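4 protein chains.
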Amino acid sequence: MILRDPVHGLVDFEGDAERVIGPLLATREVQRLRRIRQLGLTSLVFPGAEHSRFAHAVGAAHVMTRLFSRLRAIENALPIEHRLDAEGMRDALAAALLHDLGHGPFSHLFEEVQPGDRHHEDWTVDAIRDPGTDVHRALEGISSGMATRVADMLRGRHRLRYLARAVSGTLDVDRADYLLRDSHMTGVRYGLYDLDWLLRALGFGEVAGEWVLAVEGRKGLPPIESFFLGRHFMYQQVYHHKATRAAEALIRGLFARAGELVREGRAPERLPPALASAAQGATVSLGDYLDLDDAALLSCFSSWEKSDDAVLADLAARLRVRRLPKTLPLPTEADRDASGTRGANDTEEVGALDAVWRECERRAREVATRAGLRADLEVRLDVAEDTPYDEPSEPTAEGLWVLIRHRAPQRLGDASFLLGELRGKTVRVPRLLFPAELREPILSALEDLLPA
Amino acid sequence: MILRDPVHGLVDFEGDAERVIGPLLATREVQRLRRIRQLGLTSLVFPGAEHSRFAHAVGAAHVMTRLFSRLRAIENALPIEHRLDAEGMRDALAAALLHDLGHGPFSHLFEEVQPGDRHHEDWTVDAIRDPGTDVHRALEGISSGMATRVADMLRGRHRLRYLARAVSGTLDVDRADYLLRDSHMTGVRYGLYDLDWLLRALGFGEVAGEWVLAVEGRKGLPPIESFFLGRHFMYQQVYHHKATRAAEALIRGLFARAGELVREGRAPERLPPALASAAQGATVSLGDYLDLDDAALLSCFSSWEKSDDAVLADLAARLRVRRLPKTLPLPTEADRDASGTRGANDTEEVGALDAVWRECERRAREVATRAGLRADLEVRLDVAEDTPYDEPSEPTAEGLWVLIRHRAPQRLGDASFLLGELRGKTVRVPRLLFPAELREPILSALEDLLPA
Amino acid sequence: MILRDPVHGLVDFEGDAERVIGPLLATREVQRLRRIRQLGLTSLVFPGAEHSRFAHAVGAAHVMTRLFSRLRAIENALPIEHRLDAEGMRDALAAALLHDLGHGPFSHLFEEVQPGDRHHEDWTVDAIRDPGTDVHRALEGISSGMATRVADMLRGRHRLRYLARAVSGTLDVDRADYLLRDSHMTGVRYGLYDLDWLLRALGFGEVAGEWVLAVEGRKGLPPIESFFLGRHFMYQQVYHHKATRAAEALIRGLFARAGELVREGRAPERLPPALASAAQGATVSLGDYLDLDDAALLSCFSSWEKSDDAVLADLAARLRVRRLPKTLPLPTEADRDASGTRGANDTEEVGALDAVWRECERRAREVATRAGLRADLEVRLDVAEDTPYDEPSEPTAEGLWVLIRHRAPQRLGDASFLLGELRGKTVRVPRLLFPAELREPILSALEDLLPA
Amino acid sequence: MILRDPVHGLVDFEGDAERVIGPLLATREVQRLRRIRQLGLTSLVFPGAEHSRFAHAVGAAHVMTRLFSRLRAIENALPIEHRLDAEGMRDALAAALLHDLGHGPFSHLFEEVQPGDRHHEDWTVDAIRDPGTDVHRALEGISSGMATRVADMLRGRHRLRYLARAVSGTLDVDRADYLLRDSHMTGVRYGLYDLDWLLRALGFGEVAGEWVLAVEGRKGLPPIESFFLGRHFMYQQVYHHKATRAAEALIRGLFARAGELVREGRAPERLPPALASAAQGATVSLGDYLDLDDAALLSCFSSWEKSDDAVLADLAARLRVRRLPKTLPLPTEADRDASGTRGANDTEEVGALDAVWRECERRAREVATRAGLRADLEVRLDVAEDTPYDEPSEPTAEGLWVLIRHRAPQRLGDASFLLGELRGKTVRVPRLLFPAELREPILSALEDLLPA
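Quick mapping for you: the protein sequence lines, in order, are chains A, B, C and D. Residue numbers in the first sequence follow this note's numbering, run continuously in steps of one, and reach 560 at the last position. Residue numbers in the second sequence follow this note's numbering, run continuously in steps of one, and reach 560 at the last position. Residue numbers in the third sequence follow this note's numbering, run continuously in steps of one, and reach 560 at the last position. Residue numbers in the fourth sequence follow this note's numbering, run continuously in steps of one, and reach 560 at the last position.
FYI, nobody ran anything at the bench for these hints, they're computed from the structure. Be careful, since some hints might not be right.
Same chains, same label: a pair holds when it works inside one copy or across any pair of copies.
[To be verified] Result set (DSBU-like, lysine-lysine): computed pairs, CA atoms no more than 35 angstroms apart in a straight line:
{"id": "1", "residue 1": "Lys-327", "residue 2": "Lys-434"}
{"id": "2", "residue 1": "Lys-414", "residue 2": "Lys-533"}
{"id": "3", "residue 1": "Lys-414", "residue 2": "Lys-327"}
{"id": "4", "residue 1": "Lys-533", "residue 2": "Lys-434"}
{"id": "5", "residue 1": "Lys-533", "residue 2": "Lys-327"}
{"id": "6", "residue 1": "Lys-434", "residue 2": "Lys-414"}
Only a predicted model underlies this, so the values are computations on that prediction, with no experimental measurement involved.
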């Protein structure tokens, strides 16, 4: 199979192991990913970002095939039993393609309303293991036991651990594809690190008694540095964009209000069974969960515009015509002391800021309540956090390593000037979200808390 | 307003005329375009081609703003009353943004089942003129009479005719954006002509007593040649791709079967009202029409998989898991005589080929009928046609012209070697579509008609 | 060895056969190519086009390595003795790297002044065969007899003929690289065909009893069509650009005047020995020829600005500050009859045009002579010709073929609508070149011959 | 004038102020820049990096025209007398085009051997001010006094100081072009920040009583962050690449040996007068300096291969066939303590490292001397330094500022998490350079000083 892709160009699944791709693509569960946008509501802000999780899944599988080529080129460094073999390739390719199978629409928002803190990763594993799914049958049809192996791999367990890490780790095919794809599609090009060079820079090293993929030499540093910096840029510009966060707040409001109505016995029309179960605190069945897709939720929201519950109808209408909450930036470390304390990660200081933010939220909710609004649904404190580069403090195979000829492997943060400086540092962007019409009274109420 | 776009990069609506963009984007009808993919089923073949008509509409408006800059730079050539003015800019920008407003999902397929041959252009004009739409109100809110002016412009009528042609003509902002966008998103890069240079190559000339935008000098030829060649490549590779055509045949089958069921009084579940009206030969209302979007049709097809009508259920299931009809290329002029007759457009010859194609369809339908299938729904002759460059034979303002200093304007086909050679020539790609399981018997039945 | 390249990105010479690259790069003759610009004077018009033949040579070798991958993937179609082997790879890689070794600065201009019509290809073969060159020693150091094999391959002779054709044929690694590189560097993007897809589209077929590389199926047509169209665009826009042609006319004048001075015994200062020999009709030695590079010629031209021969000094000064001859487009077939004769290639018509062009040159030279100028050095008729796609009329292995399953190979011009229409057609761009100051009198003298 | 450029695409000098470009391009001094490669010896490592300072100069002027558009869009923020006017535009455009006029081949290497520490900036100003140059005449021909104004602007002095800073400052058109161009041409894409967005992000603010160009709001941070990070990557990967540094060491050796020979009265053949004067400690004349270009130096080095001075001949031969010195990385802060001291800029520590490096050089020179080589010419300690982002500690108009609505301007390092973390930090890359044949004995001699 040969495909064209806006991000990777020619995508070629033609080898032996690649035969797993066809049967998996033909499953109902994988085709469902065509109906779930990778970036959820982000296309409200970046109109080009309409790509689906399906396109990303294909892209991740493609990156895996490219990784295979690199692994072949460097396998001499490995004892034979650790080398890539046919089964390992099939498992890894399937895992790469299926890694996001359990994503629903706006998936982390749905995770919040489900009982029991089920993450999309859990749904992925369920869909693979459940003997009733197409995808399970397709995997078992390829090789007996494969469904279990792939599910395990997605949890980090595999005979070839470096392969499992390449499916899901600090530097994995998931991130490798989505950084490029999201950068490309949003039109924000900050995540466009150099994939060719990154792959070419990989070698095998032994760390803590385990074979790991590591960066070969100092000339492999730039692609990996720009991978992490690109990720940071994407968080700042896209994933944590104020309008995306504001739209998510609207959805949170819709889910919360719908849940209340369900529990009051006034379930809104067209409510998908998965949401109904979740609202009642019941376990969501796999079938119901997989029936959720963007189309299902959007047509549901659309019908809610005509709901006889005014709160629900209003929230739905606002989403539909993109009338989003306003965002107000709250004070940060940088504002507190522009002369140097910044980045000190002084716990006391940060604690103090947290209190200020909560106070801002409290006062704004008072304003909303006085205005006759449901303050808990309409006013929210939103703190977006990103740690551009983190590194285990102990030398472990989980971390990233740099191989330098004639020396012991170095930790990436030691070898890279940039990542060394950023290591473990966190940036937080605090905002207050509220309906546009409350802007003036809220600004007045917070005047003494905001920077001059 | 500033946006990012994967195709155009920075998209900036910041001038005076650009103020029309905000209110129009906030309308229900424009937001609906987010839920209609530009290329319909093409993402089944090119997974990246998931962009919506909304992204395209924004792109077309952006190209219009870029055209404005060029028009400003060359306006000295025009009498003052023909120059671009504020109203003209607003009208043209609105028309560019709204030009596809009336597209539905898989729109030309729906056009076929509607009574009275209504095209998406008619729906666009209706949506703009109907006083009940958000978009009508937004236009009239900007300037009284604007709805009418914009609707007229979309039909080619405007005080500044060259502007109307730039909205909808041989070389218009619609094509200018979609060639780039579709090329980019499919990952097929053949449509990537040079927009900067194309715009820079435009000047004003007088043809048949009318001011027209024309190509300035021979060095403006390459971008316009590659515009038309790019369009041809896109037709060959994407718009007429065999799998896209095959998927469209499935949808035709679904519409046809659903229509039959409606007329038999067994209307399938969840049938959108627009489809129901069309099936009964009744006029489709604007409201019902605008309720159609990809989500609506896809969830409708999805529920039909469980229909108690076996034919409908089977067609729906095949679309869902992408089990498309097989395509068989039929003989062409080139096969008939590989030594030179090609391109002769010899009417007799073509007539003979037409008869061969119809005979192929007839025999294949016999095979299908013998196999117990609904031959009319399952077997189709499909002839894709493209004329890469056509030119009016009379000198008229509709055609494209080249301005050469100190001479009268030349027709583009006279000035361009490439387009001159292609002028008026048509390529036809005939195929037979049928269910995969009939491949062997159909090949046998056609043996004497297919090339050796 | 790994390199970075603006055109190909990561360039990797790491396989076994690639070991030939290192020793060849370290030769004096290959390093000399760094001092010869690929496009000669074109950077006077396209300032970015400053790339050297060295960069192109590396690029051509890279394309060869990519072709190897494709050949490996399709070799099952071949009898074992025709398959790519280690020696074939080394020969082909060396030939790709060395194919332009014999280019001098402005090489076809130098070819014109040499006795005996020696082309750069002859110098290439000489440099490889001469036991005194580094490159000869390097080749023989790799494998005995290799110098002869590589020289033969560059003349189209090799045990694996499809490999020799890939080094030098209609569709070879030379063109494959230079179209991309020249497009990229000039900033004119018309030559940017899709190399990935072109390679992927190649298969082996048997034509006239010989194994040839051919296009696999109709979906391989677009990259090859855009390869030929891209080449045509580059000819129209870059290689035949009027200012490039004008600058070449200046160099012709310089060579001609210097030759006269040599023959008069007044050889100008710093004249490179190769030019001196050529002017005297003597054979140019390989050593003298290889001493020519851009630096040598440019510093020679630079010192001629101070020559006591006024004609030579004036020509040199004009080149230095880019005061180029004017170009006047002469009438073409299209001008003669804009209504359809175009492209008829009617011999009589073309003959008539030729006569008109020569008459234009004759009259303009009269004007120049009257103005006291050396008319033969200063006024020239310049007819640039390009045949975008030509095809042998007999079925032969030289031509390009398309493989269609279950059928005999088709000629490319039969399978491709575009190339079929263009097949064998030639475009000619006639211009008159003369000093700017003669513009008015020359226009007057030609008035009745130029189109209205 | 319209040009095409591999980096910027369409380059258009068509406004009123742009009329200065034509006459300046036609000068001998600007045309000379075509013969000086922007990156000197870098094309030995990155074969594509063959672009000249001419192409860069045109690019810098183009970025200036793009800056003009932005300045027009934001000028309402300025008092009228500070706004861009026609004279300011002409001055700035000329300064942008001419800013590198005084660069010679391998210019900082030549600076080292000249008496009196003359930098290329001094030569630029001299060439502009000298009434004997074409460029001076061209400037005065455009507007009287313009030569002085442009020369002053290049030294940071102009009525519109923000314009002078845009010609030569932390964020200027020089860097803006060269980062993009060098990234593009080397094929290393790390310097490809987003110029469109960077320009769009600029606004006017008042700092320390002066109007400065500053970043508008937090959404302007990413392009400027990636500008500085891109610059850092380019230093790490290209400008400080070990092979470039090694080639520079060879040139240093050539200059040093030639100087010795001059002072011994044995000046080598073809020595350019500028080098001769410099070697004797005499002032170099402007004319002699401007006669230096790549062609002049390369043909000089080429003739030195046959010098009767064995040292000079050997150095010249090694450069010609690219037999560069070996580089050995010396211990850094990171090696000393991989667990956290890194980046502490602990003066004591760094002092200690300096001593280690000098000791390495001392021992290696002993080895070279014992081997009969000229140790001072052949063995060098080379410490490449880069400070990715520095910021004045006092609030001054020299620094970069961020404008945040309703607040005082913030320093860039306070507003940007990334630049805040990097502010003032320096990375040093210490290497020892020596002839390849000394590798083993030098490694032995340094064993106790190198990291395990």
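Hint by hint, here is what the structure shows:
1. In the homo-oligomer, the alpha carbons of Lys-327 and Lys-434 lie at most 35 angstroms apart only across protomers (16 angstroms), although the nearest pairing inside one protomer, at 45 angstroms, exceeds that limit.
2. In the homo-oligomer, the alpha carbons of Lys-414 and Lys-533 never lie at most 35 angstroms apart, since the shortest distance is 47 angstroms inside one protomer and 54 angstroms across protomers.
3. Neither within a single protomer nor between protomers do Lys-414 and Lys-327 lie at most 35 angstroms apart by alpha-carbon distance, with minima of 60 angstroms and 37 angstroms respectively.
4. With identical chains, the CA atoms of Lys-533 and Lys-434 are at most 35 angstroms apart within one copy only, with a shortest distance of 29 angstroms there and 38 angstroms across copies.
5. For a Cα distance limit of 35 angstroms, the shortest separation of Lys-533 from Lys-327 qualifies both inside one copy, at 25 angstroms, and across copies, at 21 angstroms.
6. For a Cα distance limit of 35 angstroms, the shortest separation of Lys-434 from Lys-414 inside one copy, 24 angstroms, qualifies, whereas the shortest one across copies, 44 angstroms, does not.
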